[in-house]
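Undergrad: If you read the protein sequences in the order shown, they are chains A and B. Quick note on numbering: the first sequence equals residues 396 to 622 in my numbering. Quick note on numbering: the second sequence equals residues 272 to 627 in my numbering.
Hints were generated in silico from the structure; no laboratory data involved. Check before you lean on any hint, since a few could be wrong.
[As the list claims (entries may be wrong)] Far from chain A, by Cβ distances over 12 Å, these chain B residues were calculated:
hint: 1; residue: N273
hint: 2; residue: G276
hint: 3; residue: G558
hint: 4; residue: L574
[Claimed, not checked] Distance condition first, Cα-Cα at most 20 Å in a straight line; then the derived EDC-like pairs of lysine to aspartate or glutamate:
hint: 5; chain 1: B; residue 1: K605; chain 2: B; residue 2: D577
hint: 6; chain 1: B; residue 1: K422; chain 2: B; residue 2: E478
hint: 7; chain 1: B; residue 1: K425; chain 2: B; residue 2: E383
hint: 8; chain 1: A; residue 1: K518; chain 2: A; residue 2: E610
hint: 9; chain 1: A; residue 1: K579; chain 2: B; residue 2: E346
hint: 10; chain 1: B; residue 1: K430; chain 2: B; residue 2: E488
hint: 11; chain 1: A; residue 1: K501; chain 2: A; residue 2: D458
hint: 12; chain 1: A; residue 1: K568; chain 2: B; residue 2: D326
hint: 13; chain 1: B; residue 1: K422; chain 2: B; residue 2: D283
hint: 14; chain 1: B; residue 1: K619; chain 2: A; residue 2: D549
hint: 15; chain 1: A; residue 1: K402; chain 2: A; residue 2: E452
hint: 16; chain 1: B; residue 1: K503; chain 2: A; residue 2: E615
hint: 17; chain 1: A; residue 1: K518; chain 2: A; residue 2: E582
hint: 18; chain 1: A; residue 1: K599; chain 2: A; residue 2: E588
hint: 19; chain 1: B; residue 1: K605; chain 2: A; residue 2: D401
hint: 20; chain 1: A; residue 1: K414; chain 2: B; residue 2: E383
hint: 21; chain 1: B; residue 1: K503; chain 2: A; residue 2: D458
hint: 22; chain 1: B; residue 1: K503; chain 2: A; residue 2: E610
hint: 23; chain 1: B; residue 1: K613; chain 2: A; residue 2: E541
hint: 24; chain 1: A; residue 1: K402; chain 2: B; residue 2: E346
hint: 25; chain 1: A; residue 1: K591; chain 2: B; residue 2: E346
hint: 26; chain 1: B; residue 1: K606; chain 2: A; residue 2: D549
hint: 27; chain 1: A; residue 1: K600; chain 2: A; residue 2: E610
hint: 28; chain 1: B; residue 1: K619; chain 2: A; residue 2: E531
hint: 29; chain 1: A; residue 1: K600; chain 2: A; residue 2: E588
hint: 30; chain 1: B; residue 1: K617; chain 2: A; residue 2: D549
hint: 31; chain 1: B; residue 1: K425; chain 2: B; residue 2: D290
hint: 32; chain 1: B; residue 1: K503; chain 2: A; residue 2: E430
hint: 33; chain 1: B; residue 1: K401; chain 2: A; residue 2: E575
hint: 34; chain 1: B; residue 1: K608; chain 2: A; residue 2: D549
hint: 35; chain 1: B; residue 1: K617; chain 2: A; residue 2: E531
hint: 36; chain 1: A; residue 1: K456; chain 2: A; residue 2: E594
hint: 37; chain 1: B; residue 1: K445; chain 2: B; residue 2: E383
[Unchecked claim] FRET-style restraints, in silico, Cβ to Cβ:
hint: 38; chain 1: A; residue 1: E603; chain 2: B; residue 2: S328; range: 41 to 47 Å
hint: 39; chain 1: B; residue 1: E524; chain 2: A; residue 2: E603; range: 20 to 26 Å
hint: 40; chain 1: A; residue 1: G622; chain 2: B; residue 2: K552; range: 37 to 43 Å
Heads up, the beta-carbon is just placed ideally off N, CA and C, and yes, glycines get one too.
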Amino acid sequence: MGKLYDKLMEDVRFEEGLKACINCGTCTAICPAAEFWQYDPRQVLDSIQSRNDQEIEELLKSDVIWYCGECMSCKTRCPRDNAPGLVIMALRSLSQDLGFFVESAKGRQQLAVKRSVGDWILKTGYCLNPPEIAYEQHPEQGTVWEWELANMPDVMARLGANFQGNGAGALRKIPAESMEEIRKIFEITGGLERFKQIEDCSAKKAKELGQNLDEGTDNEYFNNIYG
Amino acid sequence: MNVEGKKLIWQDYQKEIADNNYYYVRSCVRQTFFPGSETAFLRILKTELNKDVCDQSIHTSCTGIGYHSDVVPIETTMTVVARQFALMTEAGYKNFVPSCITSFGLYTEVLETWHHFPELEARIRENLRKATGREFEKPDNLAHASDVIFKFRKEIAAKSKYRLINKNTGEPIKVVDHIGCHYSKMFPGKGIGGAEYPYVLAGMIEEWGGEVIDYPERRHCCGFGFRQYLVKQNRGYSLACSRKKFESMEPYEPELILTNCPGCPMFLDRWQYAINEMEGKSYGKNGQGIPVMTYEELAGLMLGYDPWDLGLQVHQVGCESLLDKIGIEYDPDKKYKGLEDKELGKPKTPSNILFV
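Please construct the entire structure, taking both the sequences and the accompanying hints into account.
TA: If you want it as structure tokens, here you go:
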């Protein structure tokens, strides 16, 4: 008992985010996720404070920890200066480290985030890559975005951006030397390992579920987790 | 009244903002959806205010969206942040100005965490050394780009061509502000007015002639929620959050929504369009949406910049109703033209023809 709790304690966000929860429920009252999903941050903190390994393992394998939007409204309002949002970040991190994230439908979505934001960071140096924000996957972006995608270099130039160009400016091409430094940072700080863990666990889960998963974003497993 | 006592009470809500020599780091979201805003920020600072701003090609994303969607580990993000600080140090600057609110919150979180866990800071310094050979100093001053515009709001007002006033009625334009959650909800002491009374945008609105409108859900999140928007299956969360705000502000008849986070204007703009397409519901007058702007766009408009230089054409909710009320001049025929009037066609008309 207490091993998973001890692992959580190794994460500074957990240490900072959970001091002594009095279970008042203020976090749940202010939480946008609690309004939308079946989600109760008060209950999450209560489970963790039990230090019961079985309860914590259930959380790490559940959808529950993936509902938070990390807006951190809870941090402002907690009368004991806890931050349930930070605790959630520590839980999500541990869930991925232990490979538990693929045991829940919401957790499995991490592959979709890795194959978009994660891969874009290493490919371009940005969290978003505008040409790949496809209108078909983002109809809410509207007809103006559809028009922008069709005319991206010209629209960006009109707005003073340096789209995929050399030198400074918005949406510039990040120099190769800088990209190499970012890649190296990811290598020595566990970023690449995290990405590999997400891919490996997802591949194993896809096999277990009998679903096709290739390297792209149009296959049975990916479509099931994305939308 | 005991003025000294008042000052003491409010000192937690004040913020020191450097007055020159800024190292500017760009925002992934703002560059993607509102690049004209970053162009305007630099133009205002350099041309109108004669400030020194360093804008380099070699900085990258802070990885904040990856961090808050939990695919990028904390030590990776901290080391990328350390690299950004190293670039600032090497360029000879001490005042760090991010364009993004997620970044601003992240830089604040990293500095605070290092303060409480110095051994972690030492490890990150070692990581950076190993990966890049770089060393860094922490910034003397960390301010979001909206803090900088707030600091110079009076100077901008003095140079302005327009005011936030209805030219026909003489009444102030009614504006609701929307502050990005990570501006001050995590570390209230780091934002102007804290989390309770954020004044960074309200101060601009008041100084430029408008009227700040309060409404019940003023502080509710726009609904980015990181993975909640990024994954299509979860996107209803994002829409529901924005809708809650629109429903709450509608009775107060705002004429403009002003934002300081790069993501919020995109969501508050796009979700109005999506709701209109799905339900035919509009939150502005005459079947139109409520225009949503960044603080850079509004500052630029006040200074008399061309709305199409600022990028108002890449908003889904048309801004012309507001421009007309204030009396801002623009050429409608040039709205969707490229440089040197290059023909780029036009976006398709939304199903509801009024919603343009």
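Undergrad: All the hints need checking, so say for each whether the structure fits it.
TA: Comparing the hints with the structure gives:
Look at N273/B: its CB is around 28 Å from the nearest CB on chain A, clear of 12 Å, so calling it non-interface holds up. Here G276/B stays apart from chain A, with its beta-carbon at least about 25 Å from theirs, past the 12 Å limit. At roughly 16 Å, the least C-beta separation between G558/B and chain A is larger than 12 Å, which holds for a residue marked as non-interface. Annotated as non-interface, L574/B keeps its C-beta farther than 12 Å from every C-beta of chain A; the closest such distance is 15 Å.
For the suggested pair K605/B and D577/B, the alpha carbons sit about 10 Å apart, so the restraint of at most 20 Å is met. For the given pair, K422/B sits about 11 Å from E478/B by alpha-carbon distance, which is consistent with the 20 Å threshold. Of the supplied pair hints, the one linking K425/B and E383/B is violated, its CA atoms being roughly 31 Å apart against a limit of 20 Å. Restraint check for K518/A and E610/A: satisfied, since their Cα atoms lie roughly 15 Å apart, inside the 20 Å limit.
A threshold of 20 Å between alpha carbons decides the hint, and for K579/A with E346/B the separation of about 13 Å falls inside it, so the pair holds. A distance of roughly 34 Å separates the Cα atoms of K430/B and E488/B; the hinted pair therefore is violated under the 20 Å criterion. Only pairs whose Cα atoms come within 20 Å are accepted, and K501/A paired with D458/A is accepted, the gap being roughly 5 Å. For the proposed pair K568/A and D326/B, the alpha carbon gap of about 14 Å is at most 20 Å, so the pair holds.
Distance hint between K422/B and D283/B is fulfilled; the C-alpha atoms sit about 17 Å from each other, no more than 20 Å. Our distance criterion of 20 Å between C-alpha atoms is met by K619/B and D549/A, whose separation comes to about 18 Å. The suggested pairing of K402/A with E452/A holds, with an alpha-carbon distance near 12 Å, which does not exceed 20 Å. Using a Cα cut-off of 20 Å, the hinted pair K503/B and E615/A holds, with the two alpha carbons roughly 15 Å apart.
With a CA separation close to 14 Å, the supplied pair K518/A and E582/A stays within the 20 Å bound. Annotation: proposed proximity of K599/A to E588/A holds, straight-line Cα distance about 16 Å (limit 20 Å). Between K605/B and D401/A the CA atoms are separated by roughly 62 Å; this puts the pair beyond 20 Å, and the hint is violated. Of the supplied pair hints, the one linking K414/A and E383/B holds, its CA atoms being roughly 17 Å apart against a limit of 20 Å.
A hinted pair counts as satisfied when its Cα atoms are at most 20 Å apart, and K503/B with D458/A qualifies at roughly 16 Å. Taken as a hint, the K503/B and E610/A pair is honoured in the structure, with Cα atoms around 19 Å apart against an allowance of 20 Å. Distance check on the hinted pair: K613/B and E541/A sit about 18 Å apart at the alpha-carbon level, within 20 Å; holds. Simply put, K402/A and E346/B have alpha-carbon atoms about 16 Å apart, close enough for the 20 Å limit, and the pair holds.
For the hint linking K591/A to E346/B, the alpha-carbon distance of about 16 Å falls within 20 Å, and the restraint holds. Using a Cα cut-off of 20 Å, the hinted pair K606/B and D549/A holds, with the two alpha carbons roughly 13 Å apart. Proximity of K600/A to E610/A is assessed by CA-CA distance (about 15 Å); at most 20 Å being required, the pair is judged to hold. Straight-line distance between C-alpha atoms of K619/B and E531/A comes to about 15 Å, which keeps the hinted pair within the 20 Å bound.
Proximity of K600/A to E588/A is assessed by CA-CA distance (about 18 Å); at most 20 Å being required, the pair is judged to hold. The straight-line distance between the Cα atoms of K617/B and D549/A is roughly 13 Å, inside the 20 Å bound, and the hint therefore holds. A threshold of 20 Å between alpha carbons decides the hint, and for K425/B with D290/B the separation of about 13 Å falls inside it, so the pair holds. The straight-line distance between the Cα atoms of K503/B and E430/A is roughly 19 Å, inside the 20 Å bound, and the hint therefore holds.
For the hint linking K401/B to E575/A, the alpha-carbon distance of about 13 Å falls within 20 Å, and the restraint holds. Restraint check: the Cα-Cα separation between K608/B and D549/A comes to about 9 Å, which is no more than 20 Å; the hinted pair holds. Distance check on the hinted pair: K617/B and E531/A sit about 18 Å apart at the alpha-carbon level, within 20 Å; holds. Taken as a hint, the K456/A and E594/A pair is honoured in the structure, with Cα atoms around 17 Å apart against an allowance of 20 Å.
Only pairs whose Cα atoms come within 20 Å are accepted, and K445/B paired with E383/B is rejected, the gap being roughly 37 Å. Range check, E603/A to S328/B: about 45 Å between beta-carbon atoms, so the 41 to 47 Å window is met. The hinted window of 20 to 26 Å between E524/B and E603/A is violated, with their beta carbons roughly 55 Å apart. Look at G622/A against K552/B: about 24 Å separates their beta carbons, and that is not inside 37 to 43 Å.
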